[in-house]
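J.: Kindly generate the complete structure, drawing on both the sequences and the hints.
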Amino acid sequence: MESGTGPAVLMLHGSGPGTTGSGAWAATAQALGTSWHFVAPDQAGFGRTPVPPGSRGGLRLWTEQAAGLMEALGIEHYTVVGHSMGGAVALALAAARPQQVTRVVAVSTMGAPGAPLSADLDAIWAVPASVLGARDMLSRLVLDQTLVTDAAVDARAAAMRAGADAFASLFPPPRARWADDLSLSAQTLAAIRAPVLLVHGAEDRVTPLETAAQPLLAHLPDVRLHVFGRCGHVPAVEHPHEFRQLLSCFLHPDLCP
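So that you can map any letter, position 106 of the sequence shown is 106 in my numbering, and since no number is skipped, the others follow by simple counting.
Derived by calculation from the structure, the hints in this document are not laboratory data.
Be aware that one or more of the hints could be misleading.
[As the list claims (entries may be wrong)] Label pairs and their calculated CB-CB ranges: (1) H226 with D144: 11 to 21 Å; (2) C249 with L147: 19 to 29 Å; (3) D222 with P53: 32 to 42 Å; (4) P128 with C256: 40 to 50 Å.
For glycine and all other residues, C-beta sits at the position ideal for the given N, C-alpha and C.
T.: Printed below as a string of structure tokens:
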């Protein structure tokens with residue numbers, strides 16, 4: 001997905017089966033308008049982007065893919081917004097490309113050193129590509145279960161079935177090793193000079209606040225944390241208006257009081 005003109009914002013999705021760049025970020029980008037140049041790719045193993053032969057995905061591949069995409073587009077400076085797995089990729093990209101990445105927004109992020117694999121993320125990576133699997137996954141992502149509608153479940157189940165073969169290669173058991181792969185070292189985090197905004201739900205069971213976001217405060221040189229009460233793993237869905245206002249102000253602080 002690509003839209004708008006102006007300062008560039010790379011938007012990276014999370015790791016749930018059936019996730020795509022447009023599925024994760026189209027509503028947010030549309031609501032924020034055309035004053036930013038949004039780029040929301042499908043990362044390798046998701047949507048229309050295959051995993052390269054001989055690879056299984058992973059933080060290094062996704063980071064190199066993101067950097068290569070922005071270079072191919074001729075974009076020299078950009079903000080990175082990442083959700084969950086995408087947050088870890090955003091932080092890794094900021095460390096690897098300090099001259100290019102100007103700001104980072106890490107939402108419900110992974111990436112904290114030594115963060116354990118939660119039971120809910122383990123279950124999400126293992127759900128079958130079916131209506132029951134989609135319902136189980138979506139129910140774990142949100143606090144407000146009224147958001148788990150039949151339409152949302154059917155749409156996610158279809159996306160899961162379409163990408164089932166590629167996704168199966170990404171997080172096979174034992175799955176704790178893949179959470180370890182998405183953890184950044186204290187040294188890497190300390191090297192990030194771009195301002196970082198962490199956004200998290202207080203009731204997030206997939207990447208719990210206590211083990212995912214709070215430890216990052218001790219490692220990032222320029223960081224602030226915003227916590228949404230009564231919110232699970234997807235603030236952009238559960239608190240869309242407040243999330244967009246927060247994101248807009250961080251992207252362009254001169255426009256906010």
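J.: Do the Cβ positions of C249 and L147 conform to the proposed distance bound of 19 to 29 Å?
T.: holds (25 Å)
J.: Cβ-Cβ distance between P128 and C256: within 40 to 50 Å?
T.: The hint (40 to 50 Å, Cβ to Cβ) holds, given that P128 and C256 are roughly 44 Å apart.
J.: Can you let me know if the beta-carbon spacing of H226 and D144 is within 11 to 21 Å?
T.: holds (19 Å)
J.: For the pair D222 and P53, does the Cβ-Cβ distance stay inside 32 to 42 Å?
T.: holds (39 Å)
Every hint, counting from the list given before, is met by this structure.
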